[in-house]
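For reference, the chains in residue letters:
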Amino acid sequence: MSLESNPAATAETTSTPSALLEVRQLSMRFGGLLAVDGVSFDMRPGQIFAIIGPNGAGKTTVFNCIGGFYRPTSGTVLLDGQPIHGLPSHRIARQGLVRTFQNLRLFRTMTVVENLLISQHTQLETRLLSGLFKTPKYRRTETEALERAVFWLEKVGLLHLANREAGNLAYGQQRRLEIARCMITHPKLLLLDEPAAGLNPQETRDLDRLINALRSEHQVAVLLIEHDMSLVMGISDDILVMEYGRPIATGTPAEIQRNPRVIKAYLGEE
Amino acid sequence: MPRNLLEAVLVALLAGLLTVPILGIHIQVDGIKVSLQGNAMPVLAIMAVVFAARLFQVPQKAATGMAYLSQRLPRPPRLAASYRPVLIGLVIVVAIVWPFTASRSAIDIATLALIYVMLGLGLNVVVGFAGLLDLGYVAFYAVGAYGYALLSMHWGLSFWACLPLCVLMAAATGCLLGFPVLRLRGDYLAIVTLGFGEIIRLLLNNLNALTGGPDGIGNIAKPTLFGLEFAREPSTEGGVTFHQFFGLDYHSIDTLIFLYLVALGMALLILYVINRLIRMPIGRAWEALREDEIACRSLGLNPTTIKLSAFGFGASTAGFAGAFFAARQGFINPESFTFIESAIVLAIVVLGGMGSQLGVILAAIALTALPEIARQFAEYRMLIFGLVLVLMMIWRPQGLVPASRPRLELPERAETAP
Ligand SMILES: Nc1ncnc2c1ncn2[C@@H]1O[C@H](COP(=O)(O)OP(=O)(O)OP(=O)(O)O)[C@@H](O)[C@H]1O
Ligand SMILES: [Mg+2]
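Just so you know, the protein sequences line up as chains A and B, in that order. Using the numbering used here, the letters of the first sequence map in sequence onto residues 1 to 270. Using the numbering used here, the letters of the second sequence map in sequence onto residues 1001 to 1418.
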């Protein structure tokens, strides 16, 4: 797939059959505010793709449109070639597109391991009678769910905190729990909204390693919003830069760093 | 001080104004002559008390004092897990043996309390666990009661055959109502359910041909013990009654004891089912949804079906209790299914502590037994009821027994070092 620094050109390329996610001319209007204005980009399976831009550029709104939390004013979103715009968010999640939230949305009064069981709800034996009578199938799915939870807790280094209340974890631990809660659903595409926000440098390095491991070991593609430039430039295959809702550049980290419009957007106005 | 004084005077005047219609005027009936008689003493007394309380800031002091106390009081000891089944077993045995030693009226009140326990437990799932405010809960109770009355009247089906049918009917009604409504925000649900409760009552009142209108339905068959009736004489030709079968003398109290035991069994069944449910994926999903609906959606949980399951379960519990209510009363009319019933059940849940089953059980018993015991205060029932609710909101908003959720924990073996 070619990488154009001109987003309008990307929009006209016909969909490549290998694309995992195709976003075409996505726009979202809130009253008089055009929060997202004609955003288009493609993602390959297993790719790490970042959206950057100043505060209020509309990055989270793009996530909300892709994930079905907002109904986009116009534009299309294809996941594996199938249109998902307009579907309710839980249907989109079941198709393998899950996300974390900029302000963390854990089930705070539940234990860490319970958080991981809830995200497996759709894979569990939820029929009423089998649970009431604890049928073998019910027991088996519960045990398997717990085993998967243990696996992911080990992966993100939270196993020793499994029985704590999620709301009592340290901030960085909550961020990792939210990622584990997404990964346990076997997503094709993981959307991370500012995963490094509030992390210390050591935790940010761990996060970098974790995201790379997710891609290489679990074949998940990652779409990332992040303000930490060293993390973004080091980890991303491609970057989309937004300003005032509009895409101003797309390209590899090296291309983005050289792009005069990006430099102007970041340096000229801050 | 002057500000306190001024406030105290105003509050006392307000109290006087409010108590005049309740305490200051008595209706005098003299033969056919009805007259009103003023009586200033109680009103003045109340005004004086309110004035003094306000002047010396008694409520505020009491509130801070209570808050201080409730922090200092030792928390009730958590029972070791191994003792719990023993204790529960003991309570159940006592509950089974007790009616054989109790008086008729006590058994009757206890049966009524058990009906409210069932209703409270069911609504607790909807309001306490799933966080859906249902103000028309009595509608499903009515569906169960009328369902049994009609099935038994027209097709002669027995109580035990009707019970699952009533549960299904109430659940179906719940789903039918819930499906369009549960997509809406919480407050709309409260309004729509409130209206629905009234609609059901009006239907019962006006569908004369089906429900008998305001006259209701009478002569509803009582539950039987494997076909054995509790009556002096069998109601059908060739039927056998309980005392004939076992060769006992007829005691009318046997019927009451049997009804009590049936209610106890039904309440225990509901308790068991709920306790399984809240440990199952669906129960966890109810709680997760109450805590953060957006997070649930982002993980693929369908909020509508999860809410619907809680709403439907609550409705079916009410239908279950309703069928028993009809069988116990032997007579039902729409008067038993007014909004006040929904309000009482909701009060039971709030007083007991939302999501707390022990609390709901205790509150249900308190709210049904106390008015019967303190009959001389019957006139002030609603007044006291409101006062208790207000005081609870001030001092213990989490309810009598604050909910403690059953936490799923990973077994120790997995808890080894990170
Ligand atoms: N639901 C909404 N209703 C109205 N305006 C909204 C809504 N959501 C976002 N906006 C507006 O859209 C614009 C883009 O917001 P968005 O949250 O997408 O920015 P962002 O790029 O994620 O910023 P940040 O880096 O601060 O997270 C902002 O001006 C915001 O106020
Ligand atoms: Mg944002």
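Hints in this document: simulated from the structure, not taken from any laboratory. On a predicted model such as this, the values are computed, not experimentally measured, just so you know. The C-beta atom is built at its ideal place from N, Cα and C for all residues, glycine as well. Be careful, since some hints might not be right.
[To be verified] Some, not all, of what chain B presents toward chain A, calculated at C-beta under 10 angstroms: (1) Met-1066; (2) Ser-1103; (3) Arg-1104; (4) Ala-1106; (5) Arg-1276; (6) Ile-1306; (7) Arg-1407; (8) Leu-1410.
[Stated by the list, open to error] Residues of chain A placed beyond 12 angstroms of chain B at every Cβ, according to the derived structure: (9) His-90; (10) Ser-130; (11) Arg-209; (12) His-227; (13) Gln-257.
Taking the hints in turn, this is what the structure says about them:
1. Met-1066: At about 25 angstroms, which exceeds the 10 angstroms cut-off, the nearest Cβ of chain A leaves the hint on Met-1066 (chain B) violated.
2. Ser-1103: violated (37 angstroms)
3. Arg-1104: Nearest chain A Cβ about 36 angstroms off; hint violated.
4. Ala-1106: Violated - the Cβ of Ala-1106 (chain B) stays beyond 10 angstroms from chain A, reaching only about 34 angstroms at its closest.
5. Arg-1276: At 5 angstroms from the nearest chain A Cβ, Arg-1276 (chain B) passes the 10 angstroms test, so the hint holds.
6. Ile-1306: holds (9 angstroms)
7. Arg-1407: For Arg-1407 (chain B), the interface hint holds, since the closest Cβ of chain A sits about 5 angstroms away, which is under 10 angstroms.
8. Leu-1410: Nearest chain A Cβ about 4 angstroms off; hint holds.
9. His-90: violated (5 angstroms)
10. Ser-130: Answer for Ser-130 (chain A): violated, closest chain B Cβ roughly 9 angstroms.
11. Arg-209: Holds, since 16 angstroms exceeds 12 angstroms.
12. His-227: holds (22 angstroms)
13. Gln-257: Fine: 32 angstroms to the nearest Cβ keeps Gln-257 (chain A) off the interface.
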